[in-house]
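Chemist: If you read the sequences in order, they're chains B and A. According to this note's numbering, the stretch in the first sequence is residues 35 to 363, in order. According to this note's numbering, the stretch in the second sequence is residues 35 to 363, in order.
Source of the hints: derived by calculation from the structure; they are not laboratory data. Any given hint could be a false lead.
[To be verified] Selected chain A positions facing chain B (Cβ under 10 Å, derived; list incomplete):
| no. | residue |
| --- | --- |
| 1 | Ile88 |
| 2 | Gly140 |
| 3 | Ile170 |
| 4 | Gly183 |
| 5 | Ser201 |
| 6 | Ile205 |
| 7 | Tyr259 |
| 8 | Leu269 |
| 9 | Tyr283 |
| 10 | Pro287 |
| 11 | Asp288 |
| 12 | Arg291 |
| 13 | Ile356 |
| 14 | Val360 |
| 15 | Ile363 |
[To be verified] Pairwise CB distance ranges, derived in the manner of DEER restraints:
| no. | chain 1 | residue 1 | chain 2 | residue 2 | range |
| --- | --- | --- | --- | --- | --- |
| 16 | A | Leu104 | B | Val105 | 48 to 58 Å |
| 17 | A | Asn97 | B | Ala246 | 54 to 64 Å |
| 18 | B | His320 | A | Ala89 | 44 to 54 Å |
| 19 | B | Lys361 | A | Leu104 | 36 to 46 Å |
Using N, Cα and C, we set each Cβ at its ideal position, and we do this for glycine too.
2 protein chains.
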Amino acid sequence: MLRIPYQELFDNLLRVLLKLGFEPERARRCAQLFAETTRDGVYSHGLNRFPRFIAQVQSGIINIDAQPELVAASGALERWDGRLGPGPLNAYQSMERAMALSREHGMGCVARANTTHWMRGGSYGWQAAEAGFIAICWTNTMPNLPPWGASDSRIGNNPLVIAVPRSGGHIVLDMAMSQFSYGALASYRMRGEPLPVEGGFNREGLLTRDPAAIEASNRPLPIGYWKGSGLALMLDMIATLLSGGRATYQIPPDPERESHLSQVFIALDSSSLASADQVAEQIITHFQTSQRSPEQVRYPGQQVLRIRSENLAKGIPVEPSIWNKVKAI
Amino acid sequence: MLRIPYQELFDNLLRVLLKLGFEPERARRCAQLFAETTRDGVYSHGLNRFPRFIAQVQSGIINIDAQPELVAASGALERWDGRLGPGPLNAYQSMERAMALSREHGMGCVARANTTHWMRGGSYGWQAAEAGFIAICWTNTMPNLPPWGASDSRIGNNPLVIAVPRSGGHIVLDMAMSQFSYGALASYRMRGEPLPVEGGFNREGLLTRDPAAIEASNRPLPIGYWKGSGLALMLDMIATLLSGGRATYQIPPDPERESHLSQVFIALDSSSLASADQVAEQIITHFQTSQRSPEQVRYPGQQVLRIRSENLAKGIPVEPSIWNKVKAI
Numbered sequence: 035m036l037r038i039p040y041q042e043l044f045d046n047l048l049r050v051l052l053k054l055g056f057e058p059e060r061a062r063r064c065a066q067l068f069a070e071t072t073r074d075g076v077y078s079h080g081l082n083r084f085p086r087f088i089a090q091v092q093s094g095i096i097n098i099d100a101q102p103e104l105v106a107a108s109g110a111l112e113r114w115d116g117r118l119g120p121g122p123l124n125a126y127q128s129m130e131r132a133m134a135l136s137r138e139h140g141m142g143c144v145a146r147a148n149t150t151h152w153m154r155g156g157s158y159g160w161q162a163a164e165a166g167f168i169a170i171c172w173t174n175t176m177p178n179l180p181p182w183g184a185s186d187s188r189i190g191n192n193p194l195v196i197a198v199p200r201s202g203g204h205i206v207l208d209m210a211m212s213q214f215s216y217g218a219l220a221s222y223r224m225r226g227e228p229l230p231v232e233g234g235f236n237r238e239g240l241l242t243r244d245p246a247a248i249e250a251s252n253r254p255l256p257i258g259y260w261k262g263s264g265l266a267l268m269l270d271m272i273a274t275l276l277s278g279g280r281a282t283y284q285i286p287p288d289p290e291r292e293s294h295l296s297q298v299f300i301a302l303d304s305s306s307l308a309s310a311d312q313v314a315e316q317i318i319t320h321f322q323t324s325q326r327s328p329e330q331v332r333y334p335g336q337q338v339l340r341i342r343s344e345n346l347a348k349g350i351p352v353e354p355s356i357w358n359k360v361k362a363i
Numbered sequence: 035m036l037r038i039p040y041q042e043l044f045d046n047l048l049r050v051l052l053k054l055g056f057e058p059e060r061a062r063r064c065a066q067l068f069a070e071t072t073r074d075g076v077y078s079h080g081l082n083r084f085p086r087f088i089a090q091v092q093s094g095i096i097n098i099d100a101q102p103e104l105v106a107a108s109g110a111l112e113r114w115d116g117r118l119g120p121g122p123l124n125a126y127q128s129m130e131r132a133m134a135l136s137r138e139h140g141m142g143c144v145a146r147a148n149t150t151h152w153m154r155g156g157s158y159g160w161q162a163a164e165a166g167f168i169a170i171c172w173t174n175t176m177p178n179l180p181p182w183g184a185s186d187s188r189i190g191n192n193p194l195v196i197a198v199p200r201s202g203g204h205i206v207l208d209m210a211m212s213q214f215s216y217g218a219l220a221s222y223r224m225r226g227e228p229l230p231v232e233g234g235f236n237r238e239g240l241l242t243r244d245p246a247a248i249e250a251s252n253r254p255l256p257i258g259y260w261k262g263s264g265l266a267l268m269l270d271m272i273a274t275l276l277s278g279g280r281a282t283y284q285i286p287p288d289p290e291r292e293s294h295l296s297q298v299f300i301a302l303d304s305s306s307l308a309s310a311d312q313v314a315e316q317i318i319t320h321f322q323t324s325q326r327s328p329e330q331v332r333y334p335g336q337q338v339l340r341i342r343s344e345n346l347a348k349g350i351p352v353e354p355s356i357w358n359k360v361k362a363i
């Protein structure tokens, strides 16, 4: 593993995006979102996903110049068409707009149809929290998870992001509805480790901690078994209904062609709430002083801050093969 | 198990509430919410919880005459004080108000502080769906769940409800953040059955399917391990911040004295959405035609409709001991 400074990472991503024809301001925003995701340790959705993003631009899945379009407005709630623009830019603009609606109406919601992969969902939680907003946002995905009781993938792992600002470190939950992503399963398999908890079914239909057995059956487990299965379904339904876009079952089950996603962004201005920062601080303090089991008790987002500062200090770890590929463009 | 007609159940609950001094219209609404919950098969939060509700009225935890009070309003977002009124009445009024705000602002949110136990959270999802609204609501609870990595209960199991209306049967998710409630653990133990999946830790800190071992350690498991732990924390934070009320850590860890709860109710009018009913129908059809494993693939709310119609036809099952207690009041 190689470590490179943040600025070098950003500059190279920016250079590639400009070369692909991105308008300069959009290239900067997009490079920033990929670079920050990598800086924060979410390598799977940062630099390591950048080659696929580029491939989707080149294959026309992503339209780099598409500007989102307001389709319908009803007070605090707006429906936008993402017109297959770059997912990170669409998502960033959606959260900006939800925050603007919130300033005007107390809360704001943007439902976006026809967008492309937003990469790290947590980015839009951090974006809102930095601006002092409480945020809830989620996306549907292609079918990649069997409902509880089923063997074929009919629901998405539909990442859900919830963010609360706090001066001592924002609290940002960024979780998919599968207990382990396929990327996580592959990592455990390659390290030769069993999963820490049951992660899916084997081909015989039995729950297992063997990552390879789950990859073979294509039956990862929803969080909380029947509960995450239901939650994934509801998130897909609401995103589809509010955006007027496509549901999980209408999205091609192929990561290279995953497109026409539906997303929801809700923002609430917490600066208007009395002593919000103190309240958040007290809840986190109480949470963190739990009696500890072997593991540490971490709040969502805590680990990100630790990795972020380590990576800024020591350089950001990159896969040499991917890094060389980006530098060669 | 005895079965009694819905009307007889309702009439008896109403009679008791009137005798306790409830104003007639409030008594009717409250009796209806308890009776419908029992009718729908959620016995733990229907008739079986009624004696504790009565005890809380008699001990002064619940103030039967308290009317909720609007504390602050900002467009689509309102903050209300529940003034320790009956939880079901407070929650019902909150959802009514969120729906009214939604008609005016596209979406509506009521955050309510200082309320008492809302009983079945799903009731307010069904209420919204019946009126044609998409709804998301949740409550915090007393500390009853250890965070992931901890051994003492510092988070609540914070039930989350999401509802989408559909003419073919509403889709209503009603889930707590613990994989199994203490009530569910007791049921498995009394039947002498292991849990179908790991439900918590034993005293040695190992994951187990033995319900008695989890009752002994007081360490039930959050859904999705670290994920449900984080989600429970976020729900508590947002409910506390928006309502200006108390967080889980400020609520006495005693079911008899659980009070001053904070809740959030969000409503979106789906009647304004083009072809919403068809879209919901298609998603559910696709979900239900999954390749089946041993279990059936059920959408959230499906089982409720089956039990509801069976109980209306055959009579509602009641525990004779509890039923006799109610009749004797």
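Chemist: Honestly, which of those hints from before does the structure not fit?
Modeler: Numbers 1, 5, 10, 11, 12, 13, 14, 15, 16, 18, 19, in rising order.
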